[in-house]
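Spelled out, the chains give:
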Amino acid sequence: MSLRDFTRRDFLQWSLAAAYGVTHSSLLPRLAAAQGKARSQGACILLWMAGGPTQTDTFDLKVGHPNGGPSKAIDTAVSGIQISEHLGGVAKRMKDFAIIRSLTTQEGDHDRATRLMLTGHRPGQEGVNYPDLGALLAKELGDENNELPPYVSVSPFRFGNIGGPGFLGPNYAPLVVSGDSNDPEARANLSIENLKPPLGVTKESMDRRFEISRFLQDDFSKRAKSGSTDAHKSNYDRAMRMISSNAKGAFKLDEEPAAMRDKYGRNRFGQGCLLARRLVERGVSFVEVTLEGWDTHADNFAQVKRLSETLDPAWSTLTDDLRERGLLDSTMIVWMGEFGRTPKINGTTGRDHFPLAWSTVLGGGKIKGGQVIGDTGKAGTEVVSRPVKTPDLYATLCAGLGIDPGNENISPEGRPIPLVDRGGKVIEEIVKVPVKA
Amino acid sequence: MHLPIAGRWFIICASIAATTAFAAEPAARLTSRELAERIDKEFTAIWLESKIEPPALVDDATFLRRSYLDLSGTIPPVSQVREFLDYTGEHKRFLLIERLLTETKRPERHAERTAAHWASLWRRMMIPGNTPEAQQAVNLEPWLKQQFAENVPYDQLARKLITAKSSEGVMVAATNPRLGTINSGPAMYLQMAGGKPETSASSVSRMFLGVRIGCAECHNHPFAEWKQADFWGMAAFFNGIKSGSIEDSNSLKIRPENSTTDYVATYLGGAEAKLTSGKTARETLADWIVSPNNPQFAATTVNRVWLHLIGRGLTDSVDDLDKASPQERKFLDELARLFVAAGYDLRWLISGICQSQVYQRECPVDEHLAVGPGLRPVKTLTPEQLFNSLEQALSLPVARADGSARFNGLRDQLISRMNEAASNQPDEYRAGVPQALLLMNGRLTTEATDLEQSRTLRGVLDAPFLDTDEKLTTLFYATFSRRPRAEERQFLLDHVRKSKEIDKQNQACAEIFWGLLNSPEFVLER
Numbered sequence: 001m002s003l004r005d006f007t008r009r010d011f012l013q014w015s016l017a018a019a020y021g022v023t024h025s026s027l028l029p030r031l032a033a034a035q036g037k038a039r040s041q042g043a044c045i046l047l048w049m050a051g052g053p054t055q056t057d058t059f060d061l062k063v064g065h066p067n068g069g070p071s072k073a074i075d076t077a078v079s080g081i082q083i084s085e086h087l088g089g090v091a092k093r094m095k096d097f098a099i100i101r102s103l104t105t106q107e108g109d110h111d112r113a114t115r116l117m118l119t120g121h122r123p124g125q126e127g128v129n130y131p132d133l134g135a136l137l138a139k140e141l142g143d144e145n146n147e148l149p150p151y152v153s154v155s156p157f158r159f160g161n162i163g164g165p166g167f168l169g170p171n172y173a174p175l176v177v178s179g180d181s182n183d184p185e186a187r188a189n190l191s192i193e194n195l196k197p198p199l200g201v202t203k204e205s206m207d208r209r210f211e212i213s214r215f216l217q218d219d220f221s222k223r224a225k226s227g228s229t230d231a232h233k234s235n236y237d238r239a240m241r242m243i244s245s246n247a248k249g250a251f252k253l254d255e256e257p258a259a260m261r262d263k264y265g266r267n268r269f270g271q272g273c274l275l276a277r278r279l280v281e282r283g284v285s286f287v288e289v290t291l292e293g294w295d296t297h298a299d300n301f302a303q304v305k306r307l308s309e310t311l312d313p314a315w316s317t318l319t320d321d322l323r324e325r326g327l328l329d330s331t332m333i334v335w336m337g338e339f340g341r342t343p344k345i346n347g348t349t350g351r352d353h354f355p356l357a358w359s360t361v362l363g364g365g366k367i368k369g370g371q372v373i374g375d376t377g378k379a380g381t382e383v384v385s386r387p388v389k390t391p392d393l394y395a396t397l398c399a400g401l402g403i404d405p406g407n408e409n410i411s412p413e414g415r416p417i418p419l420v421d422r423g424g425k426v427i428e429e430i431v432k433v434p435v436k437a
Numbered sequence: 001m002h003l004p005i006a007g008r009w010f011i012i013c014a015s016i017a018a019t020t021a022f023a024a025e026p027a028a029r030l031t032s033r034e035l036a037e038r039i040d041k042e043f044t045a046i047w048l049e050s051k052i053e054p055p056a057l058v059d060d061a062t063f064l065r066r067s068y069l070d071l072s073g074t075i076p077p078v079s080q081v082r083e084f085l086d087y088t089g090e091h092k093r094f095l096l097i098e099r100l101l102t103e104t105k106r107p108e109r110h111a112e113r114t115a116a117h118w119a120s121l122w123r124r125m126m127i128p129g130n131t132p133e134a135q136q137a138v139n140l141e142p143w144l145k146q147q148f149a150e151n152v153p154y155d156q157l158a159r160k161l162i163t164a165k166s167s168e169g170v171m172v173a174a175t176n177p178r179l180g181t182i183n184s185g186p187a188m189y190l191q192m193a194g195g196k197p198e199t200s201a202s203s204v205s206r207m208f209l210g211v212r213i214g215c216a217e218c219h220n221h222p223f224a225e226w227k228q229a230d231f232w233g234m235a236a237f238f239n240g241i242k243s244g245s246i247e248d249s250n251s252l253k254i255r256p257e258n259s260t261t262d263y264v265a266t267y268l269g270g271a272e273a274k275l276t277s278g279k280t281a282r283e284t285l286a287d288w289i290v291s292p293n294n295p296q297f298a299a300t301t302v303n304r305v306w307l308h309l310i311g312r313g314l315t316d317s318v319d320d321l322d323k324a325s326p327q328e329r330k331f332l333d334e335l336a337r338l339f340v341a342a343g344y345d346l347r348w349l350i351s352g353i354c355q356s357q358v359y360q361r362e363c364p365v366d367e368h369l370a371v372g373p374g375l376r377p378v379k380t381l382t383p384e385q386l387f388n389s390l391e392q393a394l395s396l397p398v399a400r401a402d403g404s405a406r407f408n409g410l411r412d413q414l415i416s417r418m419n420e421a422a423s424n425q426p427d428e429y430r431a432g433v434p435q436a437l438l439l440m441n442g443r444l445t446t447e448a449t450d451l452e453q454s455r456t457l458r459g460v461l462d463a464p465f466l467d468t469d470e471k472l473t474t475l476f477y478a479t480f481s482r483r484p485r486a487e488e489r490q491f492l493l494d495h496v497r498k499s500k501e502i503d504k505q506n507q508a509c510a511e512i513f514w515g516l517l518n519s520p521e522f523v524l525e526r
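Those protein sequence lines, which keep their order, are chains A and B. Quick note: the first sequence, position 418, residue 418 per this note's numbering, numbers continuous. Quick note: the second sequence, position 311, residue 311 per this note's numbering, numbers continuous.
Keep in mind that the hints were calculated from the coordinates and are not lab data. From the three backbone atoms N, C-alpha and C, an ideal C-beta is built for every residue, glycine too. Hints should not be assumed to be uniformly reliable.
Using 30 Å as the maximum straight-line C-alpha spacing, the simulated DSS-like pairs for lysine-lysine come out as follows [what the hints assert, rightly or not]:
| id | chain 1 | residue 1 | chain 2 | residue 2 |
| --- | --- | --- | --- | --- |
| 1 | A | Lys222 | B | Lys498 |
| 2 | A | Lys222 | B | Lys196 |
| 3 | B | Lys500 | A | Lys203 |
| 4 | A | Lys225 | B | Lys160 |
| 5 | B | Lys92 | A | Lys222 |
| 6 | B | Lys196 | B | Lys160 |
| 7 | A | Lys305 | A | Lys368 |
| 8 | A | Lys203 | B | Lys160 |
| 9 | A | Lys389 | B | Lys196 |
| 10 | A | Lys222 | B | Lys242 |
| 11 | A | Lys196 | A | Lys305 |
| 12 | B | Lys165 | A | Lys225 |
| 13 | A | Lys72 | A | Lys389 |
| 14 | B | Lys253 | A | Lys225 |
Pair by pair, the computed Cβ-Cβ distance ranges are [as the list claims (entries may be wrong)]:
| id | chain 1 | residue 1 | chain 2 | residue 2 | range |
| --- | --- | --- | --- | --- | --- |
| 15 | B | Thr175 | A | Lys196 | 28 to 34 Å |
| 16 | B | Glu487 | A | Ala259 | 44 to 50 Å |
| 17 | B | Lys279 | A | Ala302 | 54 to 60 Å |
| 18 | B | Lys504 | A | Arg306 | 41 to 47 Å |
| 19 | A | Gly249 | B | Gln413 | 23 to 29 Å |
Far from chain B, by Cβ distances over 12 Å, these chain A residues were calculated [claimed, not checked]:
| id | residue |
| --- | --- |
| 20 | Arg209 |
| 21 | Asp230 |
| 22 | Ala231 |
| 23 | Ser234 |
| 24 | Asp237 |
| 25 | Arg238 |
| 26 | Arg266 |
| 27 | Ala302 |
| 28 | Glu324 |
| 29 | Asp329 |
| 30 | Ser330 |
| 31 | His353 |
| 32 | Gly374 |
| 33 | Glu382 |
| 34 | Asn407 |
| 35 | Pro412 |
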């Protein structure tokens, strides 16, 4: 950790305080403490299920109860744990995953729930601009010397376009990779917008432009050095490195054997998971891959089957692939949406928004798999044991990556904002090396 | 500089409550020139006392670019740079400020551009961030622009925003369908602020009183002493606002959801409100907010204008005057009194600040080493300023029929990408890699640096009367609004003259143009 953990405004206040001979009450001790903080290693891949995935037809089936509907359960590699028949690949690898069936939250609106689940904090009015999970983890885990930014978001789709680095600022903003469309021709098209120099501009010409730009940057810095000048320079340095190195070839999915690409699934989500593995291999700390379409108010069962057929091979292959490369123990995979769906089936064979009792799945990293946490009873309408709230989940995500859940960031107002909202406790039984919250 | 929290609160509460002290010293109306002198006198004393060596006054070129960007939101055209640098008459800086603020003649229509720029700044302060609501609030700008163009006194402008009703404006469909229908007039403000009594109370207190009470909605404010009762007392004024419909009710009470307590409309830090004949709760609140006896309103306005002109508020946190030091607060209150005496005249305020030497000083050579009141930080262009400046530098067409970037989606693309990383603070550059890549490799830059397509390059390179040196100078005028300095000229001319072939020299000029557009001096303001 270094000075960059403090916003420039902090620095300004601090220099002012120093200049006027006044000790700032809280900043200086914090500065001293931050210098000694050790960086943990690891990465996180978030499989974001936009729209709110149904738990009753994926990981918390209610076979034999009217709420269960036509969904069938199958046995998994762990005796006693059953999941949906459409998730056969995940079932075979159940020893790697811990299912939390007792998540309970209060937000039933897409925007507010997305904000809650992606920042770990309840959305406030004109309050703190909370960083999202990617930004938080990028800051904890990221290596600033890497040519790729620490936080990459693959064809994101979030209700209300929520997310981003919040008050942590642009160094932790996601690099957005866009897949233009999901159509067969464009499937390999996951790329960074504007990364390639314009057609007809040679590498030599690009290098000359960089040289001129650097000269002008240095010249400007000599006359008006400032936080903004420095931030501009570091941003351009990073962008130039990415252009020159072509982002280390991370985006050249055609380097992968065709059979491997097939296994992930020739669709945007599948190829996004493959890209996630390539990015993690190259030192990226947080990758978000989105599978949208879970807002199944109508025709739930057919849609969930279709989504599962995309999800299952991609997730399974990703797990195997990370394991084979020795990365699974340091890379946590999180399967999550903004809320679950009503156990009761509605009049249009659909399920509606349901935050009271729903599921999320963690694997890899320091997560101890092959377990189920919590229970939602026969009907699935409420948590009957081991309720897990958002702060508990966030504490567990930290622990799964070896991050101290007690860590905090300083908002521009100088307020310490903890990674984990008040009261969050690690679900110790699913973490290999428990960390006390 | 840093008072304990409770101390700050007493200052602000005392200043709200003891309104008589404020009213007791009515100020005489100063001219804008006299305002400038008053500002300079204050800072001369501050700098002397704090042993700060103020930076030198800027040269004409820097002043020209600075005032163009700060007032009309764009860099000047090449012709204006040449004219201004060559002009030898007196008072040229003052004349420029007055033209930018008031000239309505075609083709420049400076006053209109200035009104549009300030409408955009004000909208950004009113609905901050990059939420769908903030994006939709762009549609508030035509109304705001008209107010600024007519120089409507700011107390009247604020009153219209606080009391506007959905039923009095034209309802139109929002661009984001999730937002339903929206009011195209001033009622859009409270609608986009959240369309609820709570969000209205929070936004109006922040925007017009410089007080952050939003935290007190759910719990007592962690820093200042604002209580839940203060928050709900303010929210009660807005109790006629329901799910985005901005109307009034007959009651002065509000009951928060899941609560059994009723709160009565109460002025922030003051007394319970009483309705006078024929006035709505919001009109009553507006009377209190914009009253000359309310020191918060004028002080927070002056601080906001100062922020945008100088780059940092007279007190740093424009949304939270609770944080001002007593010294900062004292001068802010004095300027506020002068602003009231001048009839809440924004043009007068802007003109006075721009005429001051404080406004016309260089940024410190190293901001990290020289921090102090009144020193100007390097500013980052807003997304709109950046687009306007690119339009100017690239000589882009403005008419729809010519395929203008204003209409073909390129403006929207640039602004929305920049919005992803825009800051509310002018002194903060927040852009990340995607923003840099767009400026480096995006279509606007690509076309602008292509010898076939670039209007600027064609204009400069095809001009038979310009030699290489003058071509370089013109590219500097187009982007940095100044002549190249000796080292720059040396380095860049060497680059051009590496080759004798005219094609390669032209290519080198295109590379230089790219470098200029992608340098900090283009996207920052000093």
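Against the structure, the hints come out as follows:
{"no.": "1", "hint": "Lys222/A x Lys498/B", "in the structure": "holds, 26 Å"}
{"no.": "2", "hint": "Lys222/A x Lys196/B", "in the structure": "violated, 50 Å"}
{"no.": "3", "hint": "Lys500/B x Lys203/A", "in the structure": "holds, 21 Å"}
{"no.": "4", "hint": "Lys225/A x Lys160/B", "in the structure": "violated, 42 Å"}
{"no.": "5", "hint": "Lys92/B x Lys222/A", "in the structure": "holds, 29 Å"}
{"no.": "6", "hint": "Lys196/B x Lys160/B", "in the structure": "holds, 18 Å"}
{"no.": "7", "hint": "Lys305/A x Lys368/A", "in the structure": "holds, 28 Å"}
{"no.": "8", "hint": "Lys203/A x Lys160/B", "in the structure": "violated, 57 Å"}
{"no.": "9", "hint": "Lys389/A x Lys196/B", "in the structure": "holds, 28 Å"}
{"no.": "10", "hint": "Lys222/A x Lys242/B", "in the structure": "violated, 55 Å"}
{"no.": "11", "hint": "Lys196/A x Lys305/A", "in the structure": "violated, 38 Å"}
{"no.": "12", "hint": "Lys165/B x Lys225/A", "in the structure": "violated, 48 Å"}
{"no.": "13", "hint": "Lys72/A x Lys389/A", "in the structure": "holds, 28 Å"}
{"no.": "14", "hint": "Lys253/B x Lys225/A", "in the structure": "violated, 53 Å"}
{"no.": "15", "hint": "Thr175/B x Lys196/A: 28 to 34 Å", "in the structure": "holds, 31 Å"}
{"no.": "16", "hint": "Glu487/B x Ala259/A: 44 to 50 Å", "in the structure": "violated, 58 Å"}
{"no.": "17", "hint": "Lys279/B x Ala302/A: 54 to 60 Å", "in the structure": "holds, 59 Å"}
{"no.": "18", "hint": "Lys504/B x Arg306/A: 41 to 47 Å", "in the structure": "violated, 57 Å"}
{"no.": "19", "hint": "Gly249/A x Gln413/B: 23 to 29 Å", "in the structure": "holds, 27 Å"}
{"no.": "20", "hint": "Arg209", "in the structure": "violated, 5 Å"}
{"no.": "21", "hint": "Asp230", "in the structure": "violated, 9 Å"}
{"no.": "22", "hint": "Ala231", "in the structure": "violated, 4 Å"}
{"no.": "23", "hint": "Ser234", "in the structure": "violated, 10 Å"}
{"no.": "24", "hint": "Asp237", "in the structure": "violated, 10 Å"}
{"no.": "25", "hint": "Arg238", "in the structure": "violated, 6 Å"}
{"no.": "26", "hint": "Arg266", "in the structure": "holds, 27 Å"}
{"no.": "27", "hint": "Ala302", "in the structure": "holds, 26 Å"}
{"no.": "28", "hint": "Glu324", "in the structure": "holds, 31 Å"}
{"no.": "29", "hint": "Asp329", "in the structure": "holds, 30 Å"}
{"no.": "30", "hint": "Ser330", "in the structure": "holds, 25 Å"}
{"no.": "31", "hint": "His353", "in the structure": "holds, 15 Å"}
{"no.": "32", "hint": "Gly374", "in the structure": "holds, 26 Å"}
{"no.": "33", "hint": "Glu382", "in the structure": "holds, 20 Å"}
{"no.": "34", "hint": "Asn407", "in the structure": "holds, 20 Å"}
{"no.": "35", "hint": "Pro412", "in the structure": "violated, 8 Å"}
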